[in-house]
Amino acid sequence: MKDTTKEILERPLHGVYRWWGDKLFLTISVILGLSIIALAFAMAWVLFKESSLALNEFGVVGFLKGRVWDPGVNFVFGALPFLFGTMVTSVGALAIAFFPAIAIGIFVGEYAPKWLGAIIENLIHLIAAIPSVVVGIWGIFVFAPWMREKVYMPVFMWAADHAPSLLPIVGTPIGYGMTTATIILALMIIPYTTALTRDAIRQVPKEQREAAYALGATKWEVIRMAVLPYARGGILSGAILSFGRAIGETMAVAMLIGNKNTFPFSIFGPAATMPSVIINEFREAVGNLHLSSLMAIGLALFVISLIVNLIAAFIIRKYSITGGQAV
Amino acid sequence: MKTLRRRQIQDKIMEGLLVVSTITVLIPLVIILAYVIYHGFGALNWSFFTEELGSPARAMQGQPTGLVHTMIGTVVVDFIGLIIAVPIGVGAGIMLSEYPEHKLNPVLRIMNDTLNGMPAILKGLLAFALIVKPMGTFSGLAGGVALAFVMIPIIARTTESSLMTIPWSIREAGLAIGLPRWRVVLSTVMPAAKTGLVTGFLIAFARAAGEAAPLMFTSFGNNYLPNHWTGMIFGPVDTLPQRLYSLAISPYAQWHQMGWAAAIVLLSFVIILFVAARLLTRQKNY
Amino acid sequence: MELLTLRKKVKSDNNTSSVMTTTNEIETTVEKKETSRVRMEARNLTIKYGTNVAVRNLSMPIYNEKVTALVGPSGCGKTTFLRSLNRMHDLTKSASITGEVLLDGNDIYDPKVNPVTIRRKIGMVFQKPTPFPTMSIYDNVVAGLKLVGIRDRKLLNEVCEIALTQAALFDEVKDRLNAPGGSLSGGQQQRLSIARALAIKPEVILMDEPTSSLDPKSTMKIEDLIVELKKKYSIVIVTHNLAQAARISDYSAFMYLGDLVEYGKTKKIFQNPEDKRTEEYLTGKFG
Numbered sequence: 001m002k003d004t005t006k007e008i009l010e011r012p013l014h015g016v017y018r019w020w021g022d023k024l025f026l027t028i029s030v031i032l033g034l035s036i037i038a039l040a041f042a043m044a045w046v047l048f049k050e051s052s053l054a055l056n057e058f059g060v061v062g063f064l065k066g067r068v069w070d071p072g073v074n075f076v077f078g079a080l081p082f083l084f085g086t087m088v089t090s091v092g093a094l095a096i097a098f099f100p101a102i103a104i105g106i107f108v109g110e111y112a113p114k115w116l117g118a119i120i121e122n123l124i125h126l127i128a129a130i131p132s133v134v135v136g137i138w139g140i141f142v143f144a145p146w147m148r149e150k151v152y153m154p155v156f157m158w159a160a161d162h163a164p165s166l167l168p169i170v171g172t173p174i175g176y177g178m179t180t181a182t183i184i185l186a187l188m189i190i191p192y193t194t195a196l197t198r199d200a201i202r203q204v205p206k207e208q209r210e211a212a213y214a215l216g217a218t219k220w221e222v223i224r225m226a227v228l229p230y231a232r233g234g235i236l237s238g239a240i241l242s243f244g245r246a247i248g249e250t251m252a253v254a255m256l257i258g259n260k261n262t263f264p265f266s267i268f269g270p271a272a273t274m275p276s277v278i279i280n281e282f283r284e285a286v287g288n289l290h291l292s293s294l295m296a297i298g299l300a301l302f303v304i305s306l307i308v309n310l311i312a313a314f315i316i317r318k319y320s321i322t323g324g325q326a327v
Numbered sequence: 001m002k003t004l005r006r007r008q009i010q011d012k013i014m015e016g017l018l019v020v021s022t023i024t025v026l027i028p029l030v031i032i033l034a035y036v037i038y039h040g041f042g043a044l045n046w047s048f049f050t051e052e053l054g055s056p057a058r059a060m061q062g063q064p065t066g067l068v069h070t071m072i073g074t075v076v077v078d079f080i081g082l083i084i085a086v087p088i089g090v091g092a093g094i095m096l097s098e099y100p101e102h103k104l105n106p107v108l109r110i111m112n113d114t115l116n117g118m119p120a121i122l123k124g125l126l127a128f129a130l131i132v133k134p135m136g137t138f139s140g141l142a143g144g145v146a147l148a149f150v151m152i153p154i155i156a157r158t159t160e161s162s163l164m165t166i167p168w169s170i171r172e173a174g175l176a177i178g179l180p181r182w183r184v185v186l187s188t189v190m191p192a193a194k195t196g197l198v199t200g201f202l203i204a205f206a207r208a209a210g211e212a213a214p215l216m217f218t219s220f221g222n223n224y225l226p227n228h229w230t231g232m233i234f235g236p237v238d239t240l241p242q243r244l245y246s247l248a249i250s251p252y253a254q255w256h257q258m259g260w261a262a263a264i265v266l267l268s269f270v271i272i273l274f275v276a277a278r279l280l281t282r283q284k285n286y
Numbered sequence: 001m002e003l004l005t006l007r008k009k010v011k012s013d014n015n016t017s018s019v020m021t022t023t024n025e026i027e028t029t030v031e032k033k034e035t036s037r038v039r040m041e042a043r044n045l046t047i048k049y050g051t052n053v054a055v056r057n058l059s060m061p062i063y064n065e066k067v068t069a070l071v072g073p074s075g076c077g078k079t080t081f082l083r084s085l086n087r088m089h090d091l092t093k094s095a096s097i098t099g100e101v102l103l104d105g106n107d108i109y110d111p112k113v114n115p116v117t118i119r120r121k122i123g124m125v126f127q128k129p130t131p132f133p134t135m136s137i138y139d140n141v142v143a144g145l146k147l148v149g150i151r152d153r154k155l156l157n158e159v160c161e162i163a164l165t166q167a168a169l170f171d172e173v174k175d176r177l178n179a180p181g182g183s184l185s186g187g188q189q190q191r192l193s194i195a196r197a198l199a200i201k202p203e204v205i206l207m208d209e210p211t212s213s214l215d216p217k218s219t220m221k222i223e224d225l226i227v228e229l230k231k232k233y234s235i236v237i238v239t240h241n242l243a244q245a246a247r248i249s250d251y252s253a254f255m256y257l258g259d260l261v262e263y264g265k266t267k268k269i270f271q272n273p274e275d276k277r278t279e280e281y282l283t284g285k286f287g
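Protein chains in written order, with the UniProt record's numbering: chain A, 1 to 327; chain B, 1 to 286; chain C, 1 to 287.
Just chain A, same shape as in the assembly:
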């Protein structure tokens, strides 16, 4: 018995157990990791290459400033309506979603009893999982008609009677338009913002709360003086990431914004965003210049998303707090 053990122990190791086993494993991991890096670069390169036709034709600035999008007759393409549509809907959605989302985060983290907090949190996660198209179908058949009947029409009728000069700003109340899309976008990013707020609040050390309580603070004062300042970096970067989500959100917006490709936009009236125009026209586009212009919109979307992500990362780094928990 003993001899066999000894024999086994003294047997030369199989190759993979010696140095090259580790080397091989590392190489495979690095290749797979590199493929992600390659993918990110490929995305930038492909979008750049495919959009070169349009960018050469109109110039980068000319394309971004162009107010006309005419794939049918004159073949002139300008991105400004979509840049504008994306910015208005995303900023609007974030403005609507920001405070309620933080409120839920605070309520779940600080006020709700454990069982209720768990229910709300699971519900939020569940809602965040609803696919965009499913929200879209609800928007098309339920929300947009309802808004038209209960909100847009009354406002429109009021404006027609009392302030006809406002009518072009208010826009045709068909139900599908910028306001509808903005509200739906807000609903869609609330769960995401809430989850990120909740994570940020979870990071606040217990000691910080206790220190505030020990000074004789009420619960709200504890939140204001210890919890929110500590979590502000996480909350802020979460809001910016949600903004990035809103910018890239495609299907529900394409289903609800009404898809009007040229200025002027109005408050209730139809409009378009960068993702929505790509979804609507890419499948049917035949002209090379048209396809290339849609790719150029994609490139603009890429650059904006990149900037938004980098800002969020920068904020996390800048506001990350090292003190307060331990030295």
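The set of hints was computed from the structure by calculation and includes no laboratory data.
Cβ atoms here follow ideal geometry from the backbone N, Cα and C, with glycine treated the same way.
Any given hint might turn out to be false.
Residues on chain C that point at chain A, a partial pick, calculated with CB under 7 Å [to be verified]:
(1) 114
(2) 116
(3) 124
(4) 144
Please build the complex by placing chains B and C on the supplied structure of chain A, with the hints as guidance.
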């Protein structure tokens, strides 16, 4: 000077405000959920699961139509995506967590987060340029690749974080008995992190399964089941999210009904995946 | 019936404690200088986490302008007891408390009493320094005052300077009061936490192992500070460091497994403990 009473009233007001805004936000979100469930189940019928869609005329004449080809297509395309995404995502996750000293590590982390933050529609455009254009046709393969682009960064992240939860002492114990590093990772760290890894796959899969944007110009859509199974991979394929969009914006009332049915099937599919993922994580906590 | 027995019990306890104080007064009159009175008092205090008893039927006084040290091995309930003195357990849902804690003769656990008011009278310093990291040094010190709506800049400046001086930190930070609290060293952060507690002019200061995360030099400074502070405040300090308890405290309580084993003058406890467990602990046989 604020009196204690005033401060306490303020405290109560804030609590009230928080409760009220929580409720007002949750109500519309729950309404969406309830509406889709109610309408969707109402629109479901047997032929939905057995028939092809066919031309709009078929539905308008009241003939039985369904989305059987769509459901098969969804499974095929989603699994193509998963098969491509898992090895790449796990490999990158291993590099992130097991080789923190590697000099490409920070670059990979930034690039992975960037890719994750990119709108899904751009991943569709990328797959279009990389697969559809050279192949000259829309295909299930292109759709799968586009979905893989959605899943890869998620899997890399979840793999990294679940491997990181395994304490370094376990790795050191393995190294101390003379195991090489690859063996430590494969036979001690990965098995210990098994639940976390699978949870990550499920989350990524569920996220990708709900995406329509990357599929619109990759797998494109198809009203019929392909004649031969290879058509599922090398020809245009129907998938639930993309079909749901087409049905909803179509002008036919019958198709709208079918859209609700597609919505409930898609929603159930995604929610089952998410619930499975959450149950798994809960199990891990025990 | 139960209430009656409880009342009786409290009454008898009252008697014993007054006996204790009287004996103590006798002692102090003997030592003449000391004219301590009881500032806080725990009576039949029992604290449970769920069904787990952390502190069992504890009664002891806390004297004014004295340092009372709570010593004992880890998990003996000393921190739990300390946190009960300003109702910090209200934040822990599983904790339940029976018995009384009196501050100047009034039960702080009376349902009519607001914990917020209690905590303003009884300040607390934690094991780890807890400056609010996003606030400046100045804002940290006056945080408690701003809570009650004091905005008078002159008053705030004055209080800030006094509190920082009392905490022996003023000279080190006077030129950078607007720097963030997190930028200080560990010892400075702890003195900042003390200054913040002093700024609201508490009557009692609770300290939970205030030096356990600090280096010896900073520890010395904090100890000197405690000795200085007891001229004005009653201080209760939990410490793992027996030498520290011996150096700075006037009274000591030795706790073991949730029980108060021995309480008395520090000198007496350290030199001539009555209980065998105290002796064994102090001589390093366990703990």
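We went through each hint and held it up to the structure:
| no. | hint | result |
| --- | --- | --- |
| 1 | 114 | violated, 9 Å |
| 2 | 116 | holds, 5 Å |
| 3 | 124 | holds, 4 Å |
| 4 | 144 | holds, 4 Å |
This entry does not satisfy hint 1, going by the numbered hints stated previously; all others are met.
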